[in-house]
Every structure is written in structure tokens, then in C-alpha cells.
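Using the sequences and the hints, build the whole thing.
Heads up: the sequence lines are chains A and B, in that order. For any residue, its number in the numbering used here is found by taking its place in the first sequence, counting from 1, and adding 23. For any residue, its number in the numbering used here is found by taking its place in the second sequence, counting from 1, and adding 23.
If you are wondering where the hints come from, they were derived from the structure by calculation, not from laboratory data. Be aware that a few hints might be false.
Any copy will do: because identical chains look the same in the list, a pair fits if it lies in one copy or spans two.
[Stated by the list, open to error] Listed below are the simulated DSS-like cross-link pairs for lysine-lysine, each with C-alpha atoms no more than 30 angstroms apart in a straight line:
id, residue 1, residue 2
1, Lys230, Lys491
2, Lys395, Lys333
3, Lys355, Lys333
4, Lys62, Lys327
5, Lys406, Lys84
6, Lys52, Lys278
7, Lys378, Lys52
8, Lys84, Lys440
One letter stands for each residue in the lines below.
There are 2 protein chains.
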Amino acid sequence: MAENEKKLVEDITSMDVDFAQWYTDVVRKAELCDYSSVKGCMILEPAGFAIWEMIQNGLDKRFKATGVENCAMPMFIPEGLLQREKDHVEGFAPEVAWVTHGGYEQLQERLCVRPTSETLFCDYYERKIHSYRDLPKLLNQWCSVVRWEKTTRPFLRSREFWWQEGHTAHATAEESRERTEQMLNLYADFCEQELAIPVIKGQKTEKEKFAGAEATYTIEALMHDGQALQSGTSHDFGDGFAKAFGIQYTDRDNKLQYVHQTSWGVSTRIIGAIIMVHGDNDGLKLPPHIAPVQIIICPIMQKKEGVLSKSAELKERLSAAGFRVRVDERDKNPGFKFADSEMRGIPLRVEIGPKDIQNGQAILVRRDTHEKFTVALEEIETKAGELLESIQQDMLEAARRHLETHTFTAETVDEMKSILDTEKGFIKAMWCGSRECEDAIKDQTGASSRCIPFDQEHISDRCVCCGKPAARMVYWGRAY
Amino acid sequence: MAENEKKLVEDITSMDVDFAQWYTDVVRKAELCDYSSVKGCMILEPAGFAIWEMIQNGLDKRFKATGVENCAMPMFIPEGLLQREKDHVEGFAPEVAWVTHGGYEQLQERLCVRPTSETLFCDYYERKIHSYRDLPKLLNQWCSVVRWEKTTRPFLRSREFWWQEGHTAHATAEESRERTEQMLNLYADFCEQELAIPVIKGQKTEKEKFAGAEATYTIEALMHDGQALQSGTSHDFGDGFAKAFGIQYTDRDNKLQYVHQTSWGVSTRIIGAIIMVHGDNDGLKLPPHIAPVQIIICPIMQKKEGVLSKSAELKERLSAAGFRVRVDERDKNPGFKFADSEMRGIPLRVEIGPKDIQNGQAILVRRDTHEKFTVALEEIETKAGELLESIQQDMLEAARRHLETHTFTAETVDEMKSILDTEKGFIKAMWCGSRECEDAIKDQTGASSRCIPFDQEHISDRCVCCGKPAARMVYWGRAY
Numbered sequence: 024m025a026e027n028e029k030k031l032v033e034d035i036t037s038m039d040v041d042f043a044q045w046y047t048d049v050v051r052k053a054e055l056c057d058y059s060s061v062k063g064c065m066i067l068e069p070a071g072f073a074i075w076e077m078i079q080n081g082l083d084k085r086f087k088a089t090g091v092e093n094c095a096m097p098m099f100i101p102e103g104l105l106q107r108e109k110d111h112v113e114g115f116a117p118e119v120a121w122v123t124h125g126g127y128e129q130l131q132e133r134l135c136v137r138p139t140s141e142t143l144f145c146d147y148y149e150r151k152i153h154s155y156r157d158l159p160k161l162l163n164q165w166c167s168v169v170r171w172e173k174t175t176r177p178f179l180r181s182r183e184f185w186w187q188e189g190h191t192a193h194a195t196a197e198e199s200r201e202r203t204e205q206m207l208n209l210y211a212d213f214c215e216q217e218l219a220i221p222v223i224k225g226q227k228t229e230k231e232k233f234a235g236a237e238a239t240y241t242i243e244a245l246m247h248d249g250q251a252l253q254s255g256t257s258h259d260f261g262d263g264f265a266k267a268f269g270i271q272y273t274d275r276d277n278k279l280q281y282v283h284q285t286s287w288g289v290s291t292r293i294i295g296a297i298i299m300v301h302g303d304n305d306g307l308k309l310p311p312h313i314a315p316v317q318i319i320i321c322p323i324m325q326k327k328e329g330v331l332s333k334s335a336e337l338k339e340r341l342s343a344a345g346f347r348v349r350v351d352e353r354d355k356n357p358g359f360k361f362a363d364s365e366m367r368g369i370p371l372r373v374e375i376g377p378k379d380i381q382n383g384q385a386i387l388v389r390r391d392t393h394e395k396f397t398v399a400l401e402e403i404e405t406k407a408g409e410l411l412e413s414i415q416q417d418m419l420e421a422a423r424r425h426l427e428t429h430t431f432t433a434e435t436v437d438e439m440k441s442i443l444d445t446e447k448g449f450i451k452a453m454w455c456g457s458r459e460c461e462d463a464i465k466d467q468t469g470a471s472s473r474c475i476p477f478d479q480e481h482i483s484d485r486c487v488c489c490g491k492p493a494a495r496m497v498y499w500g501r502a503y
Numbered sequence: 024m025a026e027n028e029k030k031l032v033e034d035i036t037s038m039d040v041d042f043a044q045w046y047t048d049v050v051r052k053a054e055l056c057d058y059s060s061v062k063g064c065m066i067l068e069p070a071g072f073a074i075w076e077m078i079q080n081g082l083d084k085r086f087k088a089t090g091v092e093n094c095a096m097p098m099f100i101p102e103g104l105l106q107r108e109k110d111h112v113e114g115f116a117p118e119v120a121w122v123t124h125g126g127y128e129q130l131q132e133r134l135c136v137r138p139t140s141e142t143l144f145c146d147y148y149e150r151k152i153h154s155y156r157d158l159p160k161l162l163n164q165w166c167s168v169v170r171w172e173k174t175t176r177p178f179l180r181s182r183e184f185w186w187q188e189g190h191t192a193h194a195t196a197e198e199s200r201e202r203t204e205q206m207l208n209l210y211a212d213f214c215e216q217e218l219a220i221p222v223i224k225g226q227k228t229e230k231e232k233f234a235g236a237e238a239t240y241t242i243e244a245l246m247h248d249g250q251a252l253q254s255g256t257s258h259d260f261g262d263g264f265a266k267a268f269g270i271q272y273t274d275r276d277n278k279l280q281y282v283h284q285t286s287w288g289v290s291t292r293i294i295g296a297i298i299m300v301h302g303d304n305d306g307l308k309l310p311p312h313i314a315p316v317q318i319i320i321c322p323i324m325q326k327k328e329g330v331l332s333k334s335a336e337l338k339e340r341l342s343a344a345g346f347r348v349r350v351d352e353r354d355k356n357p358g359f360k361f362a363d364s365e366m367r368g369i370p371l372r373v374e375i376g377p378k379d380i381q382n383g384q385a386i387l388v389r390r391d392t393h394e395k396f397t398v399a400l401e402e403i404e405t406k407a408g409e410l411l412e413s414i415q416q417d418m419l420e421a422a423r424r425h426l427e428t429h430t431f432t433a434e435t436v437d438e439m440k441s442i443l444d445t446e447k448g449f450i451k452a453m454w455c456g457s458r459e460c461e462d463a464i465k466d467q468t469g470a471s472s473r474c475i476p477f478d479q480e481h482i483s484d485r486c487v488c489c490g491k492p493a494a495r496m497v498y499w500g501r502a503y
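Set out below in C-alpha cells:
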């Protein structure tokens, strides 16, 4: 290892020493995210935003394939509009930012910067929906929203964050429930297939559900440190918002009916999940499907004749084969470039120097396993494709193993505590369904209910907390 | 014409009767844009946002081909940061929205909602740029910005609008000037090639330039009513912002230097230009290159066996050939569908009924000329492609002719007035360069200086206003 390489790698705190500091180091050194001069707001730097663009493209295609269309709502909500649905305003009012002045004049009515846009979509739907022919409405927007959080962390919790929010309106309760589940499944598939993150699908408890929803579904992922991260949610509103906003349509029998609605969202939080599920002590580790750069070409002895031109030629060939490729031509030694490419999480590295060129070969190095492969240049496209696909699958497998080996069962709260303090991870335990037990568990263990999973198991007959009969199994965990 | 068709078309005010009302009718009936419950803020409806998405995709590819990377800055600017560059704050402070409270607490420092993000990028660059190796920085973001306008109109002027803002930092004044021009040319090419809108390229006068810029370049388009629309701007900041924000780098000789910066933007305003350059009394007319739906298939007698399945088959084939296609399967008569598709500006219509199927043909109708073509089904992909390309070129030609026949020259202010009141359009006239004459012309004619065009002509020796010697020819016009 070259001197520079060592130094670069040593700059990242070991995740076993201090996971939180490791996370911050990766975010900062891979230049994903920077702090801004606005307290609690972050800057998505090009490397971080490029990941978000990949996620946007991937999700957007999947949304559109289900009939969803994009639109753009205003970023402001008049105070009166926010207050129309009682539970909703109670949930969000404590954490919104208020605009009180436009230019030099005080506004007649305060405007909040949207923390989420249910009220705006409802207001719009009330005007647009008249007949069953106008249904369903399947809209989505990509935007940022603002919630005035006290403590913030890059990607995980910030006062402004980027997301998509889908808002749909349907003729019947069945249709809105189906759409809620459809979008949750879409999120789960996307996480597994593209982000290589396995997730638990389930329903939130009454305590944890979205303000104003009838039911909230969630996908929960497990981070490397054993903490959970809620990675996407899908809400079934029933006709609650429709009644608050008067969204009615005439059905085929000419009767007036309320619509049934859903909303669903995934945010830049998910980038935090990518970092904390896949990263290691060398830095970031990006799944090939969503890595903005999939292959980095590192020329060795690049001042020797032919090395840079061969690197450019390989870039050309690999790009033509459909890969996202970059050449690191910087005036740095190879050791530095290797460590740098690993720190930035690029899935596959191609090393090529004068000797390699002479032998008609290159060295390919996997980011995930550090395995090296000597590959004949004429086969480089095929081999790179195979390796990238292996990396994608192996990263998913590794994450799946981690999830499995860090999912436990418990029959008492003491057991829960001991697991959370030592082995760390998800705990499956039975629950009687009472808010009292949910609160008590949180107080005693620091773990919240993550979800009532769709895949139920029978751990025991009794609630882990009160010992009364319990029919439902819940995933519990300490969470970001 | 069927009864329904007539009715639909009659709903759009004739552009000769009331151009402003025609514009509003098109915007509303084509469902591009809706008013929101926030005064002065608009909703981009799916049909309008889809056009914006096409523009985003097209421009974004062109930006990235020049090395630009995307990022995301916060939407808020602390008051102190906004005030760092004197001219800039003077230009924008009167029209910004202020956030004063987060949750239930008053903020220690007010935050404005970004009217533009120079100050945020400068703050970031000050931290990120140290050495000549860090240059150039070529960043862009797609977002919405807020300017508290008094009077608003859909797309043309609203309190919140969507745009992209590019912000670059360079080692030298030459480089920043080159980038400013490069982006202006990129915008002009995009307008002509994709939007079929010819533009005049030039420099803004001192009076009209961006707050804080050394030079502002602009592309100006001419609407159907003879009014101008500023359609994109590119600003050269020199080292003005760098000095205000202390953005310095060490050059190759280890000397400390200020960077030179640019910024450039195109907004949803440009959708207003598409409407007002191409639209007619039947409604919207979209250039095929950026039409979200390029081909609409209207089944005739769709309840007859085989019509809907043949329509679906044609959709499949045309989609596979790379076109954006939709079938109008609604339970409406053909006349309504034809008028509806024209009103929504879809470039090419395919009409297919039982007789056509029997004869192995379909009718293709151009939106721009209403020309009809009987086309053998086996040739439909080729013919559709040819027609779409003809439409694109002919729309550009038509817009070019309109621009040429509505560009006049004048040697006196009286001549200017008379042209602006009767024929309407751009006026080329000489200018001495004084602010007094510029103001006087505006007062007397209502026309502002649009730009000092790069392509200069010699109209006369003297300023159109004061009669003193004048070396520069200026485009003048009433403007949106």
C-alpha cells in the first residue's frame, strides 16, 4: 500500500469504533453532502445528487408504468388550508416553517412551507374531480419539503429534504387499499433489485401511522449497526381527507360519493440506507444498478506513451456497451486513486499500465470483495458486465445475511433489552395491541414498533410486555 | 363538424379578438396549468409538467455533455448571506418571501426563500475551492424559486416558478466569458432545434442586466401578438461575487487569485413562449421534438369489432418505432376527439375505423396544417416519422417567417410608436448608449431594450431618441 493510500483510508473512522463518526466521515469524504449556512439544511453535492438522480430515474419509470403522471404543486400552503384535516395539522404544525412577509409587506394569511402536500392535492382534486370518469387520479411530484427538526443528520434527518410524494384518488375503498399496497410492493422491489437492500414490509401501529391516515404501510431496512431505518411509506387515507375537503364525484348511478385516497413517498433518506447497509471501513459501496459511475479506469504510469489513449479507448468501448465509466486521469499515484475509488464506492475498477497493454490485458477489481481478475482486453465488456451483475447480487445476499443474522425473537422485555444492547438488530415479539405496552417497551428498551409485518409468525401466545393474550407479531428496533 | 367539436373549439377565444384571453383559454383548456389556493402561485398540471419534463431532459443532456453536474442547494438563504453582494441584494430584496418562524419559535435570523441561488453557490464555492486543480466548477440545479410579484400570469410570471440555474466558477475572465456565451448558444440551439422557436441573441443593456452581473446575455423570442419574451439568460459575473464572498484559489504559480463566475437559467416561462409562438385558434400546437404525446390514435366507430384491437396494435408498433403514442379510447364521438387532440396540440393524429382497416390504411392528420394523408398500414412508422420531422421543420420555418415579417427598423421614436401600435413586433433602432434615451423610449413607446444583438446592423448614424451619434443597434419591443 502506498503512503497516500494509507493516509486516505485512515481518515475514515472505523465503523466498529464509532459508527456515527464513520457515517459522517463517509458522507463528507465521498462528497455526497455538505453542511450549508442554513442551520439544519444540507447541500446535496454532485456525487450525492447523482445517486438521487439514479433513484429518481428508476422509481419514476416504475411509477409511470403503473399510470402515474408527474405534476408540480406550489411549495406554500395557506394556514387555513393546512388546518382543514384535524389530525393532519396536529401532526405537522409543530414542525413547519412559516412565511410571514412577501417583499416589504406582511401577508394577510401566513403560509407554511409544505412539510408534505396532502392538503394541496386535496384542494386541487376538489376542483378537478366531478364524475367517476375523472377517476382514478394518479399524480406524483418530485420536490423538497421542510420540517423544522431540532437535531439533524445528513440524509437521515434535515430541515429540508428531497423526495417524491404520490397522491392518488379512487372511486372505492378497495381501489385505494390496492394502490397503497401496490406502491409499497413497488418500493420493496426497487430496494431489493436496484439498491440491494432487503426490507421488511408491514403496517405501522396506530401510534406510528401518518397524521390523517387510516393505515400506513412501511418498508423497514436494517443498517449495519443494527438500527432500523424506515425507508418508504404508503398511506391509505380512506375517505377521511375527502370528507374534510369535500372531494366528491357522481358515480355511474348518478349518486354523490366521496373519493378514497392514498399517498406514498420515498426520500433522500434512502441514500443514508445505502451508505449504512453496504458501506465498510474503506468507505462507500454502491450497488452497480444505481452507481452513477459503475467502472473507474485507473491508468498506471499514465505518463508512459499509450496508457492514457488506451484508457480512453477502453472508456469508449465500455460506455458503448452501456456502462457508466470514468477515467481517473488526475496527477496522483495509483495507490491514491485505488483508495479514492473505493472510498467513493465505485463498484468496479480497471487498472491498466504499460505491461498490461503489452500483454493485451487489464486488471479488474471488485469494490465489494477486493477480488482481482486478469482479463483479456477483447473480453472486457463481457467480463465487466458479469462482474457488475455478480456484485449487485452478492451485495444483496450479504445484506440479506446481515438482516437474517440480526433478526431475533424475544418473549420478555428483558430479553429485548439484552439483545438490543449486545447483538443489536430487529426483534420479533408478540404484542397485545395496546398503546400502553408500545410506550412501555419504548421507555424500557429504546426500541419502537417498526411494523406489524405482512408475514406473520407465531412467537408465543402472549404480549412481550403485559403477558396478556396477543395475536400479532411486531418487528421492534431502535431506529434512525 | 360534429356538434361537440364545434362547442369545444368555440370555447377558445379567438386570438385576434383578445390575445390575452386566448392565452388563458389555451392554458386552462389544455390543462397545462391551474390556479392554486396560494395567490400568485400556479399548479403545473400533468400535461404542462410533461412538457417541462421534456425540456428538462433535453437541456440536462446538453448541459452534461459540456461537463455540468447537478446538485441541490437549500431553498433558504439567511438574510445576512443575501446581503453580501450589494447590487444583488438591492435587486432582489423587494421581492423575496421571508420565513420568520420555525414551528412555534421565532428564528434568530430571517431566511428568505431563494429568488435565485448565487449567494448559496458562492458560499459553497468559498469552502470548496482552494487550488487551480479545483477549477472549473460546473454545477446546476433544477428547482423552483420564489419572487413576490404583484401581478401574475400562468407560466409568464408567478410567485413561484420552476427553472434550472447553472452556476460556474473559473480560473480566468476569458473562461467565464466563454462559458457565458457557450450556455447562451446552447439555449438558442435548443430553442430552435427542439422548441422550433427562433431567437435573437444579444447582450442586455446596463439597465436591464442581472443584479450583480458584469454582463447579461439573453435570447429573445417574438410571440404571435408581436410582444417579446425573454426566454433564457446567461450572466458573466467577472470576479464581483468572488470578491464579495472571498472565493480565492492558488494558481500554478502559488499566487492567490479570485475566481470568475457565471450563472444561466431557463424557466417554465419558456412554455409560455411555446404556446404564444405556435398556438392558433384551435389551441395549443406542440413541436414534435418536445411533445409529450407525439401521435394520438383516434379509433372511429370504436365499438365495432377489431377497431380497438387494431388501434392498440398500431400504438404498439409506433411506440416500438420510438414515438410517444396514446390511444383516445374515451366514449366520445370522433369529432370531439379530433378537436380535443388539436386543442391539446398533439402534432399528429391517426384516424382509423372499420373501412380503413378493411382497406389496410389509416388517415394521418397534421396538427400544424390540418393536411390529411391516407397511409398504407405497413408504411405507418416511416410515414409518421417523416411527417413529424416535417412538422418540426415547418413550425420552425413558420415561426421564422413571423419573426422576419414582424421585425422592423425605425429612425425616430415616432416611427417606433407607430410600428408598435399597428404592425407590432421587434424594432431595430440605433442607440447612443445613454440610460436617459433608454428610459425616454420606454416612457414614450412602452418598448424596452430587448438586447444589443451579436449580429449588428447599421440602420443609421444617429440615436433614434436623441439624434446624437450612435454606434450600436438595439432590438426594442414591448415585452411580457
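Unmet hints by their number, sorted upward, for this structure = The structure conflicts with hints 4, 7 and 8, although it agrees with all the remaining ones.
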